[in-house]
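K.L.:
Hints are included, so try docking the two chains, each in its own frame, into the full complex.
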Amino acid sequence: MPERTLSRVLYVEDEPDIREVARFALEYSGDYEVKICESGAEALSIVGSFKPDIILLDVMMPGMDGLATMEALRQLEETASIPIVFMTAKVQSAEVSRYLALGAASVIPKPFDPRTLGATVKEIWEEHAG
Amino acid sequence: MEQALAALREDFAASLPDRQTALSAAWDALDQNEWNPEDLNAAYHLVHSLAGAAETFGFSDLGVAARALNGHLHGIVSSPQQSPEARGEAARLYQDLATALTAAQAGR
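Chains as they are written, first to last, in our numbering: chain P, 1 to 130; chain Y, 1 to 108.
Where hints are given, some of them may not hold.
[Claimed, not checked] So, partial list: chain P residues that the calculated Cβ filter (under 8 angstroms) puts toward chain Y:
| no. | residue |
| --- | --- |
| 1 | Asp-17 |
| 2 | Ile-18 |
| 3 | Glu-20 |
| 4 | Tyr-32 |
| 5 | Gly-48 |
| 6 | Phe-50 |
| 7 | Lys-51 |
| 8 | Met-60 |
| 9 | Val-107 |
| 10 | Pro-114 |
[What the hints assert, rightly or not] The calculated label-pair distances, taken between Cβ atoms and stated as ranges, are:
| no. | chain 1 | residue 1 | chain 2 | residue 2 | range |
| --- | --- | --- | --- | --- | --- |
| 11 | Y | Ala-86 | P | Ala-101 | 28 to 34 angstroms |
| 12 | Y | Gln-3 | P | Ala-94 | 37 to 43 angstroms |
| 13 | P | Tyr-28 | Y | Pro-17 | 27 to 33 angstroms |
[As the list claims (entries may be wrong)] According to the in silico footprint, chain P covers these stretches of chain Y (three or more CB under 8 angstroms from chain P):
| no. | segment |
| --- | --- |
| 14 | 23-31 |
| 15 | 41-51 |
Hints are computed from structural coordinates only; laboratory data are not their basis.
For each residue, glycine too, the CB sits at the ideal point set by N, CA and C.
If we strip away everything but chain Y, and leave its shape as in the complex, we get (with noise of 0.2 angstroms):
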């Protein structure tokens, strides 16, 4: 079993690279389209992904930098009205989850 594990984190591992360019353009498109609900569910997605798939994997820090702006980005799809300071926080806690996507990859 435990030789299976590995090779389905080492699968998931070895797709970061992907989920962080995917998450860029997502957060990019976001900021240039004053955060619409499209763009903001995508990187809403992007973001549940990776929070669960992380924790699943055993990348805890990556894990937790996910998990914090997932549920801050639930908020934000649930309101009707997002407040700069909500918006700020998200990019807060985007920057956060870019630090830990680096840090994940290079501790491969």
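For reference, chain P alone in the conformation it holds in the complex (with noise of 0.2 angstroms):
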């Protein structure tokens, strides 16, 4: 269990409506701040004065996607270290398996239950940060 805390929650997702969902589900389960973005450019904009401790990555999104986000995120010093999560409807075993070769810390399948997401969310950053 690490000395630190879960205190703030990146979520970068394009669609409005599971943005929503998610906003709601971790504000409300979980005593962090949730900061939510449209797409890997913002999040790449917002990271360095956000400082999140974890990041949720939608994989399919238009222009850069989930994994090409990840790649630039680990390029930043500031980030290079946060735990990422992949939340993606795409969760076969080979595809699960490459997320987490890429440097993944955890894939959270989608369609995600509101009701457990923050709990998830919660034991992934507890068992990946250092």
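P.N.:
Shown next, in the form of structure tokens:
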């Protein structure tokens, strides 16, 4: 169990409906601050000031997709070691293995359960936070 | 929490007629313009959006139909060539989705 506590969650998702549910679910279930971005580019522009403890990334987004966003985040010193979780409906074992091999901390299948999303994120963070 | 989730679900359900209209218009444009990339992308993003949201809000049949067309269109979008068979399959999956959309609205 890490000494720090999970206090800031960044979720990058292009779908407005899913953003709404995720924001509600995360804010409702935890004591952490939640920031939602519509795109990978927006996420890259705010990570320096928001300083998330964990980043949740939709995989299929127009423009910069989740994989490209993770790659860009890994290039930044301030986000290089932050646990990144992919949120995706594509959860065949080969794809999950690929995401993990590329450096994702975990994969949360979509559709996610809003009732358990916050607890799931916290578990993943506790497992991966240094 | 359940109340808030129910309200979000109801908002999504209320958006279905507009989504169906937009998807129908996008599909017409696709047919009329020989599946040009711009129209294809527009249709794909509407379907992609519907697939993710429907499943999240518990519209299972709608989600399955949207996900099937979404996956098929994703393959077409990624491919430089579109075979008549691929377009035919897309048309069939679109009809399934249109039916599921109508049923979802009737079942509200």
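K.L.:
Against each hint, give a clear statement of whether it holds in the structure.
P.N.:
Status of the hints after comparison with the structure:
A hinted interface residue such as P:Asp-17 counts as satisfied when its beta carbon comes closer than 8 angstroms to some beta carbon of chain Y; here the least separation is about 4 angstroms, so the hint holds. Because the smallest distance between the Cβ of P:Ile-18 and any Cβ of chain Y comes to about 5 angstroms, under 8 angstroms, the interface hint for this residue holds. For the restraint placing P:Glu-20 at the interface with chain Y, the shortest Cβ-Cβ distance is roughly 6 angstroms, inside the 8 angstroms limit, so the hint holds. Here the hint on P:Tyr-32 is broken, as its CB sits about 16 angstroms from the closest CB of chain Y, past 8 angstroms.
Because the beta carbon of P:Gly-48 sits about 29 angstroms from the nearest beta carbon in chain Y, more than 8 angstroms, this interface hint is broken. The restraint placing P:Phe-50 at the interface with chain Y is violated, with a minimum CB-CB distance near 24 angstroms, outside the 8 angstroms limit. Violation of the interface hint for P:Lys-51 is found here, the shortest Cβ-Cβ separation to chain Y being roughly 28 angstroms, above the 8 angstroms cut-off. For P:Met-60, the interface hint holds, since its Cβ comes within 8 angstroms of a Cβ in chain Y; the closest pair sits about 7 angstroms apart.
Restraint check, P:Val-107 versus chain Y: the minimum CB separation of about 15 angstroms is more than 8 angstroms; hint violated. Nearest Cβ of chain Y to the Cβ of P:Pro-114: about 6 angstroms, under the 8 angstroms cut. The hint holds. For the hinted restraint 28 to 34 angstroms between Y:Ala-86 and P:Ala-101, the CB-CB distance of approximately 31 angstroms keeps it satisfied. Checked against the hint of 37 to 43 angstroms, the C-beta distance between Y:Gln-3 and P:Ala-94 comes to roughly 40 angstroms, which is consistent with it.
The hint said 27 to 33 angstroms for the Cβ distance between P:Tyr-28 and Y:Pro-17, and at roughly 29 angstroms that hint holds. Evaluation of the coverage hint for the segment 23-31 of chain Y: breached, as 0 residues show C-beta separations to chain P shorter than 8 angstroms, against a requirement of three. Requiring three or more residues with a Cβ within less than 8 angstroms of a Cβ of chain P, the coverage given for the segment 41-51 of chain Y holds, as 4 such residues are present.
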